[in-house]
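Participant: Construct all of the structure, not just a fragment, from the sequences and the given hints.
Number of protein chains: 2
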Amino acid sequence: MADQITKRSENYSQWYSDLVVKADLAEQSSVRGCMVIKPYGYAIWEKMQRTLDDMFKATGVQNAYFPLFIPKSFFSKEAEHVAGFAKECAVVTHHRLMNDPGGKGVVVDPEAKLEEELIVRPTSETIIWSTYKNWIKSWRDLPILCNQWANVVRWEMRTRLFLRTAEFLWQEGHTAHATAQEAMEETERMVNVYADFARNYMAIPVIVGHKSPNERFAGALDTMTIEAMMQDGKALQAGTSHFLGQNFAKSFDVKFANKEGQLEYVWATSWGVSTRLMGALVMAHGDDNGLVLPPALAPIQVVMVPIYKTDEERSAIIAKMEEFKKALEAKGHSVKIDDRDTLRPGFKFAEWELKGVPVRMAMGPRDLAAGTVEVARRDNMTKTTVPLEGLEHSVEDLLADIQKGIYEKALAFRASNVEKCDDWEEFKAKIGTGKFLLCHWDGTAETEQKIKDETKATIRCIPVDSFVCEEEGKDIYSGKPSKQRVVFAIAY
Amino acid sequence: MADQITKRSENYSQWYSDLVVKADLAEQSSVRGCMVIKPYGYAIWEKMQRTLDDMFKATGVQNAYFPLFIPKSFFSKEAEHVAGFAKECAVVTHHRLMNDPGGKGVVVDPEAKLEEELIVRPTSETIIWSTYKNWIKSWRDLPILCNQWANVVRWEMRTRLFLRTAEFLWQEGHTAHATAQEAMEETERMVNVYADFARNYMAIPVIVGHKSPNERFAGALDTMTIEAMMQDGKALQAGTSHFLGQNFAKSFDVKFANKEGQLEYVWATSWGVSTRLMGALVMAHGDDNGLVLPPALAPIQVVMVPIYKTDEERSAIIAKMEEFKKALEAKGHSVKIDDRDTLRPGFKFAEWELKGVPVRMAMGPRDLAAGTVEVARRDNMTKTTVPLEGLEHSVEDLLADIQKGIYEKALAFRASNVEKCDDWEEFKAKIGTGKFLLCHWDGTAETEQKIKDETKATIRCIPVDSFVCEEEGKDIYSGKPSKQRVVFAIAY
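Those protein sequences? They're chains A and B, same order as listed. Numbering of the first sequence is given in numbering that gives the first Met the number 0, commencing with residue 0 and proceeding in unit increments. Numbering of the second sequence is given in numbering that gives the first Met the number 0, commencing with residue 0 and proceeding in unit increments.
Please note that a few of the clues may not be correct.
Each pair may be met inside one copy or between any two copies, as identical chains are not told apart.
As the list claims (entries may be wrong) - Each computed EDC-like pair below joins lysine to aspartate or glutamate, with the alpha-carbon atoms no more than 20 Å apart:
| hint | residue 1 | residue 2 |
| --- | --- | --- |
| 1 | Lys136 | Asp23 |
| 2 | Lys449 | Asp421 |
| 3 | Lys56 | Glu45 |
| 4 | Lys319 | Glu391 |
| 5 | Lys132 | Asp23 |
| 6 | Lys335 | Asp140 |
| 7 | Lys86 | Glu110 |
| 8 | Lys56 | Glu328 |
| 9 | Lys136 | Asp340 |
| 10 | Lys324 | Asp396 |
| 11 | Lys258 | Asp340 |
| 12 | Lys86 | Asp99 |
| 13 | Lys76 | Asp99 |
| 14 | Lys103 | Glu87 |
| 15 | Lys76 | Asp108 |
| 16 | Lys21 | Asp140 |
| 17 | Lys136 | Glu350 |
| 18 | Lys56 | Asp23 |
| 19 | Lys103 | Glu115 |
| 20 | Lys56 | Asp337 |
| 21 | Lys347 | Asp140 |
Calculated from the structure, these hints are not laboratory results.
Facilitator: Below you can see the structure in the form of structure tokens.
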């Protein structure tokens, strides 16, 4: 099956697409730019959702649901937000179809034109802040900590499955606070939730930092991000958390009476991750044989393949497997016995490798007699023979070890591809070779733009937890003074 | 708080709206016909989702996700389906906004007109069957059992929160089978899952049956339904499961090679429940004091209200409450201690009554000294004094008792409002008074239509599990022969 997949070394981009499609994660739909998320892909997304949802709720966040449509006029209210967002989007203009008078199927009923066009949400700040206006009267109503799991639409010209699609699934948190400090704390809290999730569940090391003003979300005073390195050395922005100041409160006139009875504008944050995380997961860990899923997010953690010739052998082996399946499930692990009898074991092995199942067990009559089983790790493709006695414990340890191993491999890869760089010629030579470069920057949008124009590299973030280098220096491009290095990379 | 709610006896419809809004379940948004589901309402919906999702998965169903948009041409493919569905819907015609050349915010960019209009899905049969075409080649690929949790849009003229909204949330299952029999079995399996959920979680008795041809889903050969009686005696269709025959397979040319290698069209089902269930929950059990939630779906099952004068009393009582909270949470129950110190206990009592929390505990210094607590049941508004010793067990029993009690109350109400009726004059006199009438029907669409025209009553279903009366008789309207009684009622 691996021979159907382009090798990373040949064409990384094609390798990615092959993996997504052949491992049954997603496919293009008949609607331009919209994807179908297939059951296996969706099962991974569900695990991500469930985990993140629990993490959000542990911080006091509640879920809610706001309308899919946003009146066009709302986009005229927050000027900066519009400039960044409202352009490429799906516009609903009519509310009825009718039979074609010419008999050719259906046509749009010209009589059913909406008075005001509706925009399919590209993000929900405007509709949510128009709602919060009615929810907030006094300091007692604050904070409001709402999240929604929803679909959003941004009319992208060039799409790639999971990474950039016209419709995608995401969560968007929108919080309202009495003070700037509380809102900034919330912004940081949530970017740290994302970092925690990326590291401990996705097994992806990320850099937490602030975006430069150029790269901020439209309408934000500060955007924090988690940035991950993919196997081609490019950066992928995997989640963002925005401090929105009072911009939306002012646009939608949302004020609260403080403890002294004075009216003040409310402070806002928003934060989100999307099905783009699926792309990150594939690109961070996959290899030329297929997906490599961290156990914490694998829909199937252990697959068992029986090897037999006779029906008698088959039932003895499967009976034994059922035993271990139960024991492992009792420990909260997900196990599949692949008992399809129209396929050869070798075909099954390749299929589960392609699908990234962390642990594969194979058992034949001789194993059964010897009281052993062959255990293969997907991450490093090693095989060992393990005694059946105590198997549920050894498998549990193995899963933990794989989770750790995948993270460490990604961490080592990143470590070997991050460099300090203080020379502009060196920068130009290295930036396209799959490196994160830590460079001094003078803090101006002009310099950032010039570097981008010349090299396509952008400032991924001004780091706050990994690779923090607070030291005096000179901007790599302009030579002007700088107080901290920032992370430059070519990004997805 | 109850004085803000219209009494059921005064205006049932207003009572319903009051409950939904005052209990913080949902509200109208600034987008016509679209609702905002507030955190408390969404928490109930999440419990419904989680429970149903587990039930679906236990039957082998997997979740997936299909595009929000459907190309207009797809609606021309299944003629019957179009006639029933494609008319009142949201039509996307453009993909870009631009700054108004006149400087007044944003306008639709006339250059960005789509070649083919896109319809926001009112239901997904067409887009899903166009996808299944690529997934299905042989009998080995069948059955396909997919479900999606999604938002859909139907441009309703008159909307009511949860019961009928332009956008609503739902799940839609779409299955593909090799034989008609398997598809019909799936149709029945899923309507029975819905009935089980309604009875055992929502505590609502439902009648399972077949829809008459007039009331079938557009494009279905058979529609099965669960029908519930609300407190005004009207019927609410709470979930449907459709046997679609080969209609969609033929429209989208989906064939499979059977075991003999011959190509056959695939057989289909679809089945769904929506946020309408929230409306059913409110209307089936609420009273003039507010919601009455069955413990199985209550976001908060037990609320504890401390009663105190001094800080010392407060901390002693809350410490004790924390103890029981832990013990109850360990048993899987959700508990809230309402320690807000700006509100009086009486206010809190009324608020939690309004919100339908099944069990309320109040504890003051004297209770603490005596080792007791006052326990109030929301369903029958009774109070008892219960010893702290073994409280977690007595509360657990109480919750089970309430769940049962709410169901039995609804069952008794329905029993007293279902009657056999064999006389047309009697039918006309009784049908508007909040009754389900079991009547003979001659099986023709004409008779059904005439009865509807004269009385607004429809055939809710031809029952298969409750109220089955297979007996010879004469149609209540036409006098023609009939072999079974059907359920007539006025419906939501």
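Participant: Could you figure out if Lys76 and Asp99 sit no more than 20 Å apart (CA to CA) within one copy, between two copies, both or neither?
Facilitator: between (39 Å within a copy, 13 Å between copies)
Participant: Reference check for the pair Lys132 and Asp23, CA-CA at most 20 Å: within, between, both, or neither?
Facilitator: For Lys132 and Asp23, only the inter-copy Cα distance (15 Å) is at most 20 Å; the intra-copy one is 44 Å.
Participant: Taking 20 Å as the upper bound on the Cα-Cα distance, should Lys56 and Asp23 be classified as within, between, both, or neither?
Facilitator: Classified as between; 19 Å across copies, 31 Å inside a copy.
Participant: Under a CA distance limit of 20 Å, which applies to Lys319 and Glu391: within one copy, between copies, both, or neither?
Facilitator: Cα proximity of Lys319 and Glu391: one copy only (13 Å, versus 40 Å across).
Participant: Treating 20 Å as the Cα threshold, decide for Lys449 and Asp421: within, between, both or neither.
Facilitator: Within one copy only: 17 Å inside a chain, 86 Å across chains, cut-off 20 Å.
Participant: Should Lys136 paired with Asp340 be assigned to within, between, both, or neither, using CA atoms and 20 Å as the limit?
Facilitator: between (65 Å within a copy, 19 Å between copies)
Participant: Within a copy, between copies, both or neither: which one fits Lys258 and Asp340 at a CA-CA cutoff of 20 Å?
Facilitator: between (71 Å within a copy, 15 Å between copies)
Participant: For Lys76 vs Asp108, is the C-alpha pair at or below 20 Å within one copy, between two copies, both, or neither?
Facilitator: between (30 Å within a copy, 18 Å between copies)
Participant: 20 Å Cα cut-off: does Lys136 pair with Glu350 within a copy, between copies, both or neither?
Facilitator: between (58 Å within a copy, 19 Å between copies)
Participant: How do Lys56 and Asp337 come out at 20 Å by Cα distance, when the copy is not named: within, between, both, or neither?
Facilitator: between (36 Å within a copy, 18 Å between copies)
Participant: Regarding Lys347 and Asp140, is the shortest C-alpha distance of 20 Å or less found within a copy, between copies, in both, or in neither?
Facilitator: So Lys347 and Asp140 pass the 20 Å test across copies only (16 Å; inside, 56 Å).
Participant: What label fits Lys103 with Glu87 when the C-alpha limit is 20 Å: within, between, both, or neither?
Facilitator: between (31 Å within a copy, 18 Å between copies)
Of the hints listed earlier, there is not a single one the structure fails to meet.
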